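Chain A is already provided as a structure; the job is to place chain B with the ligands on it using the hints.
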Amino acid sequence: MAMFDETVSVIENRPLPGGHFLLSLDAPRQAPNVRPGQFAMVRALGRSDVLLRRPMSIFDVQAHGGGRAGSNRKESALRILQLLFKIVGRGTRVMADLKSGDKVGLLAPLGHGFFEEEYLPRAHESDEVLHVAGGIGIAALLLPAKQLAEARFKQRLFFGGRTKDDLVGINEFKPVVSAMLLATENGAMGYRGYVTRPLEDYLTKHTNKKFLLMACGPSAMLRATVELAKRFRHPCLVSMENRMGCGVGVCLGCSIRVQGSGHEAYQRVCTEGPVFWSDKIVWDAESSGLGIRD
Amino acid sequence: MTNKSQLEKQAPDSGTVNGPAVTTPPAGEFIPQYEIEIAGVKFQNPVWTASGTFGYGREYSQLIDLNQLGAICVKGISPEPMDGNPPPRIYETDSGMLNAIGLQNVGAKRFLNEKLPFLRKLKARTVVNVFAYSTEDYVRCIEMLNEGEGIAAYELNISCPNTRCGGIVYGSDPKLTEEVVAAAKKAARYPLFVKLSPNVTDIALFARIAEGAGADALSLVNTFVGMAIDVETRTPRISNVTAGLSGPGIKPVALRMVYQAARAVKIPVIGIGGIAGPEDALEFIIAGARAVQVGTANFYDPGTSIRIVKGIRDYCQRKQLHLADLVGSLKTPGK
Ligand SMILES: Cc1cc2nc3c(=O)[nH]c(=O)nc-3n(C[C@H](O)[C@H](O)[C@H](O)COP(=O)(O)OP(=O)(O)OC[C@H]3O[C@@H](n4cnc5c(N)ncnc54)[C@H](O)[C@@H]3O)c2cc1C
Ligand SMILES: Cc1cc2nc3c(=O)[nH]c(=O)nc-3n(C[C@H](O)[C@H](O)[C@H](O)COP(=O)(O)O)c2cc1C
Ligand code: FES
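Going down the list, the protein sequences come from chains A and B. Just so we're aligned: 208 in my numbering is position 121 of the first sequence, and the numbers increase by one with no gaps anywhere. Just so we're aligned: 327 in my numbering is position 323 of the second sequence, and the numbers increase by one with no gaps anywhere.
Isolated chain A (complex conformation):
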C-alpha cells in the first residue's frame, strides 16, 4: 500500500463549535491514494512541545478548490486531505493553533480501513447499512458512507454526542444517507440519552431485516453497539482508536486484544486495523485497555 511521509501546507483550519476543527491540507501525493477508513499521523512542525504524531481519521478527500471529485474526474485531481478533530489534550490543542500556510508533517494514508472487497459482500446481503458514530468518531465514517452511496446502498446514520456541539459533520453526511437519528446526553438535540437507544429501538422494530453496522466512537459506545449487533445477529465493523506511537506497525504501542492465543492474542490497530469485524476483538475492558476515551 502506498504511504507517504510529506511536509504539507495547511489550506484552512476552520473552527467549529465545541472545540472542533476541520483541517484542510494540501496533500497532492497522499489524497489520491486514500481508501475509506484509513488514517493519517499528523504533527504540527516547528512545535517542540509535542513529540509524537497524532492519529486522525481521514475525514474526506477533495479536488482542488474544494469541489468534490465526481466520478467523471480523474482520481489524480484529488489533492485536499481533510481531518476533523476535537481538542482533548496537548497534541490536539497545538493542532488547533494551525493557520493557513503552516507546515504539517503528514504520514498517510495508513492502516487497513473499510476495504470494500471485504465488506461489500456483507453489504450486498443486507437491506440497509447502519452507521453508528459517537462524537468525533464520525470522522472515520464519512468516506465509507460516500463510497456506499456511490454504489447506491441504503444507509442510515445514528449519531450521538454529549451536547449538540458534538454533532459535527452532519452537513457532509446529509447527501449520502437516507436518514439521520441524532442523540445528545442532555437532550438538546435529537433523542435524550445515548445513541444506542434509538439504535436498539430501530433494530427491535426491524427484526426481519438484515443490517450491516459500521461504528466508531468512545469505547463504551462501541461496546454497547457491538452488544446490540450480537444480540440481533448483524455483522458489525468497528473502527478502533488507541494511542499510537508510530502508525506504521513498528512500536507495538497500539496493540489490542483479539480472539486467539499466544502470539495471535494481539493485533496492531495501526496495521491490521483500525477497522475490525467486531467479533474479532476481545471487548473486556481489563484485557483490552480500551478505556482511554471514557
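There could be a bad hint or two in this list.
Simulated restraints, written as ranges between beta carbons of each label pair [as the list claims (entries may be wrong)]:
id, chain 1, residue 1, chain 2, residue 2, range
1, B, 257, A, 273, 16 to 26 Å
2, B, 208, A, 202, 50 to 60 Å
3, B, 127, A, 88, 50 to 60 Å
4, A, 237, B, 314, 39 to 49 Å
5, B, 151, A, 262, 53 to 63 Å
Since the hints were made in silico from the structure, they are not lab data. Here the structure is a predicted model, which is why all the values come from computation and not from measurement. Don't be surprised by glycine CBs; every beta carbon is placed ideally from N, CA and C.
Coordinates of chain B with the ligands only, in the frame set by chain A:
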C-alpha cells in the same frame, strides 16, 4: 556512497575505527571516511536504528532508503513468540515517551524464516537484539539464531528480569550480568554486543563486567524506568504501571553514561538515547561512541536517521576529519 570505490583505491584501510586514525587527507580533495569496523564486522556508516523502534526493517522501506543505514537493530527476539502487555502500552511525556510493550515479538524461528531473508539483502547490516527471562533461554535463543545466515552481530538486551531469580533485572545485577554475557558469548556464532541498562548507579562498573565476560562491544542506553499517573482516575497511564522512558528528554543522561562507559572499556561503545538529529549523534561520537542508534525519533520523523547520515558527512567534510578522528575526541578544559 558515490566516492566509495575511489576512496578504497586511494586509502585502502584508512578511517576504520579499529585501524590507525588517519588524519592526513589524501592528495587533492579530502574524502572523509565513515565506514566503521566493530569486532571484524564492517558497517558502511555509524548510523543505526534502535531495537523496538524500527520493526524488522521492512515496515519503513516505503518511507526511507534502508540501504543508506549502517545497520538495523531488529525488535528483541525471544526463543518463542511473545504476546506482550495489555494496553495502554505507551504514553507521551514532556520531551519523551513511556513504553511497556512487554517485548511482543515473532520468536526466533519465524524471524529466521520470515524476516531475515529481506534484511539480508540490504546494505545495512542486521543486528539481532536478543532477550529472554533466564540464562538458559538466552543461550537457547542464540543457538536458534546461529542457524541464520547474514546476521552481523547479536545485541544482548539485559534489561529483562530473571524470572528464575526472583525477577531481578539482569542488567542491574553485576553477577547476573556476568553470568548471562559469558554464557551468551560462549554460545554465539556472531559477535556479541551487550546492551546495557541505564538503571544502575555506576555504569562504568557494568561496562567493565560485560567487557570482562567477553562482550565484543557495548550499546547503551536502554530505556530508563519511569511512570505516569492519571490524577483524575488515579490510575497509571501504562497498564504495566512502570515503563521505559525514551526520547529527547533522556539525551543528556544517556550521553553522560556513554562518556563514562567509553572511558571505562577498550571495546567499542555504541551510543543510544534521545538522538534526533546530526548534532545529537555527533555529541555521542565525540563522547566516545563509534556508532549511534536512533530510536524514538523514528516514530515522529522516520527520515531522522538518513538526515543524520548526511549531517555527519557534511560535518566531517567541513571539519576535514575522518569519523575515526572524531570518536572520543572531546576536549575537556584544563585536563
Ligand atoms: C485510528 C485513529 C483515528 C482517530 N481519528 C480521530 C479523528 O478523526 N478526530 C479526532 O479528534 N481524534 C481522532 N482520534 C483520536 C486522537 O488521536 C486523540 O484524540 C489524540 O491523539 C489526542 O492527543 P492529545 O495530545 O490532544 O491528547 P492527550 O493529552 O494525549 O490525551 C487527552 C485525552 O485523550 C485520550 N486519548 C489520547 N489518545 C487517544 C486516542 N488515540 N484515542 C482516544 N483517546 C485518546 C487520553 O487518554 C486523554 O484522556 C483517532 C485515533 C485513532 C487511533
Ligand atoms: C516502543 C519501544 C520499544 C523498544 N523495544 C526494545 C527492544 O525490544 N529491545 C531493546 O533492547 N530495546 C528496546 N527499546 C529501547 C530502544 O532501543 C532504545 O534503547 C531507547 O528507546 C533509547 O533510545 P531513544 O531515546 O532514541 O528512543 C524500545 C524502545 C521503545 C520506545
Ligand atoms: S502505532 Fe506503532 S505499532 Fe501501531
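Structure-based check of all given hints:
1. B:257 <-> A:273: 16 to 26 Å: Violated - the Cβ-Cβ distance for residue 257 of chain B and residue 273 of chain A, about 49 Å, lies outside 16 to 26 Å.
2. B:208 <-> A:202: 50 to 60 Å: With a Cβ separation near 54 Å, residue 208 of chain B and residue 202 of chain A satisfy 50 to 60 Å, so the hint holds.
3. B:127 <-> A:88: 50 to 60 Å: The hinted range 50 to 60 Å is violated for residue 127 of chain B and residue 88 of chain A, with Cβ atoms some 25 Å apart.
4. A:237 <-> B:314: 39 to 49 Å: Distance hint for residue 237 of chain A, residue 314 of chain B holds at roughly 45 Å.
5. B:151 <-> A:262: 53 to 63 Å: Given a distance of about 60 Å, which is inside 53 to 63 Å, the answer is holds.
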